[in-house]
Amino acid sequence: MIFRTLIPALFPALLLFGGAAGLLASDEAPLFEVRFTRDGVTFAGTVDTEENALILAESVKAIRPDLKILNRGLKIDPGTAMPSLSDLKSLLAELGITTHEGRFSLYEDSLIIGGMTDSRITPTALRIRLEPFLKGRQFINRLCIVNKDDMPKLSVRLSSGETSGPLLDFDVAPTEVEAFELPGLSIANLFPMILTLSDLSRLTGKPSMTEGGAPERPLQAVPLLQVKNIGGRKTPPVPGVLRAIPAEPQPTYVPLPSIFYTRSSFLLQANQESSIESVVKQLSTPPLAGHPVFIRPVKSSSQSGAFGDYLVEKRGEATKELLVGRGIPAGRMTLETVEDQSSADSGEVRIIVRIPPPPPEPEGTAEIVEAVTPEGTAEAPAAAGGE
Numbered sequence: 417m418i419f420r421t422l423i424p425a426l427f428p429a430l431l432l433f434g435g436a437a438g439l440l441a442s443d444e445a446p447l448f449e450v451r452f453t454r455d456g457v458t459f460a461g462t463v464d465t466e467e468n469a470l471i472l473a474e475s476v477k478a479i480r481p482d483l484k485i486l487n488r489g490l491k492i493d494p495g496t497a498m499p500s501l502s503d504l505k506s507l508l509a510e511l512g513i514t515t516h517e518g519r520f521s522l523y524e525d526s527l528i529i530g531g532m533t534d535s536r537i538t539p540t541a542l543r544i545r546l547e548p549f550l551k552g553r554q555f556i557n558r559l560c561i562v563n564k565d566d567m568p569k570l571s572v573r574l575s576s577g578e579t580s581g582p583l584l585d586f587d588v589a590p591t592e593v594e595a596f597e598l599p600g601l602s603i604a605n606l607f608p609m610i611l612t613l614s615d616l617s618r619l620t621g622k623p624s625m626t627e628g629g630a631p632e633r634p635l636q637a638v639p640l641l642q643v644k645n646i647g648g649r650k651t652p653p654v655p656g657v658l659r660a661i662p663a664e665p666q667p668t669y670v671p672l673p674s675i676f677y678t679r680s681s682f683l684l685q686a687n688q689e690s691s692i693e694s695v696v697k698q699l700s701t702p703p704l705a706g707h708p709v710f711i712r713p714v715k716s717s718s719q720s721g722a723f724g725d726y727l728v729e730k731r732g733e734a735t736k737e738l739l740v741g742r743g744i745p746a747g748r749m750t751l752e753t754v755e756d757q758s759s760a761d762s763g764e765v766r767i768i769v770r771i772p773p774p775p776p777e778p779e780g781t782a783e784i785v786e787a788v789t790p791e792g793t794a795e796a797p798a799a800a801g802g803e
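According to the numbering used here, the sequence shown is numbered sequentially starting from 417.
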C-alpha cells in the first residue's frame, strides 16, 4: 500500500533527475582531452590540424612508449582555437611521468586534472604548467595522493626516437570487440613451448642424462692461469731491471655550485637564481673561461628503472639550456649521469670544469762540464775517436 502511494510522488522526481543527468552528459563533451589508461593514451575533442594532433601524440609516445595511442573521437576543425603546443606538450609530459592514469580535460569554463600520485609536489608542479590554460576557467583538482607502497609501478622507459608512421588514425577508432584476443596459446609462443617440453630437465632442474644413463657433465671454464703455453709460445722472462717512468700530468677538476630541482620533477627550486649567476660568472671569466664543462645530474638509489634515467636526463638538459641561454657555448658542455647511494632524491645537478694539464716542458740541452785535474789545469773532454 505504501509503495503504491509513493509511486505517483516519485515518478516526476525521477523524470526530472533523468533529464538533468542527460543534460550533464551532453555538456560533458570536452574541447580537448587526454587520458592515460591501462589500455593506452586516449585523445578526444577537437584540434585545428592533423599535424598538431600528430605532434602531441608523438610527444606523449616519447614519455610513455609502452602505451598505445588511441583515438576516442578526436576531430579536425580548422576554426578551433588551440592552446600553445609547447605549453600543452610540457603539461602532458609532467602528467605522464608523475601520475598513474592521469587525465587532462579542457572545457569552455573549466579544466580538470586527475590521476594518482605519491608525491605532494606533483599538484604544485602541474598547477604551474596549467597557468596558461586557466584564463577564465575554473580549476577542478581530482588528483589523489597515496602512499608510495600503494602507487602502481609505472613501466616508463625512454624512447629510442624512431617513428614507424602516424600514431593517430583519424578514421578508425578501435573498439573493445576489435581489440579482443582469443584465449589460449599464441602461435608466437608455440615453438618455445615445444623446445621446453623436449627436455624436461629445464622444468625439474635435474641434469639431463647421456645415452649410457650417466648425467651429463656441465660445462666448466678452464682458468687462464693454468694455461702455461698458448700457441706453442713460451712466456717471456720477467726483466730484472726496473725502469722508472715519470707520471703523466693530470687535468684539474674544479667543482662549481650545484643547481637543485624539485623532487620527482625537473622544475627549479625557488632559491637557485644566485647559484646560476655564480656559475655563469665563473664560466665566463678566467681562469675557467673556455674550458670543458661537465653537467652531472645525480641519480639516487631510489630512482631505479627508466623513470629515473628520464628524470636525470631532463634535469641535465634543463641545466644545459639555462647555461646556453646565458651565453655559455653548448659545445663546451658534456652530460654525465652520476649515481648516489642515498635513497632521497635531492634533485642535485653538479657542474664541474675540467682544466687540462700544462704542456710538458721542453727538454734542455746537455751542458759540457770541464774536468779539473789535481794540478788545477782545465782538461777539455776528448773527442770521439781521437787520440
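Since the hints were derived computationally from the structure, they do not count as laboratory data.
Heads up, a few of these hints could be off.
As the list claims (entries may be wrong) - Computed cross-link-like contacts, PhoX-like style, restricted to lysine-lysine with a CA-CA straight-line distance of at most 20 Å:
hint, residue 1, residue 2
1, Lys477, Lys736
2, Lys505, Lys551
3, Lys491, Lys505
4, Lys715, Lys697
5, Lys736, Lys697
6, Lys505, Lys484
7, Lys564, Lys715
20 Å limit on alpha-carbon distance, applied to hinted pair Lys564 and Lys715
Cα-Cα ~18 Å, so holds.
Holds or violated: are the alpha carbons of Lys715 and Lys697 at most 20 Å from each other?
Answer violated: Lys715 to Lys697 is near 27 Å, above 20 Å.
Hinted pair Lys491 and Lys505, Cα distance within 20 Å
19 Å, holds
Are the Cα atoms of Lys505 and Lys551 separated by 20 Å or less?
18 Å, holds
Verify the proposed pairing of Lys477 with Lys736, using a straight-line Cα cut of 20 Å.
24 Å, violated
Regarding the pair Lys505 and Lys484, is the alpha-carbon distance no greater than 20 Å?
Roughly 17 Å between the alpha carbons, so the hint for Lys505 and Lys484 holds.
Is the straight-line distance between the alpha-carbon of Lys736 and that of Lys697 20 Å or less?
Given that 20 Å is the threshold and the Cα spacing comes to 15 Å, the pair holds.
Checked against the numbered hints given earlier, this structure breaks hints 1 and 4; the rest are met.
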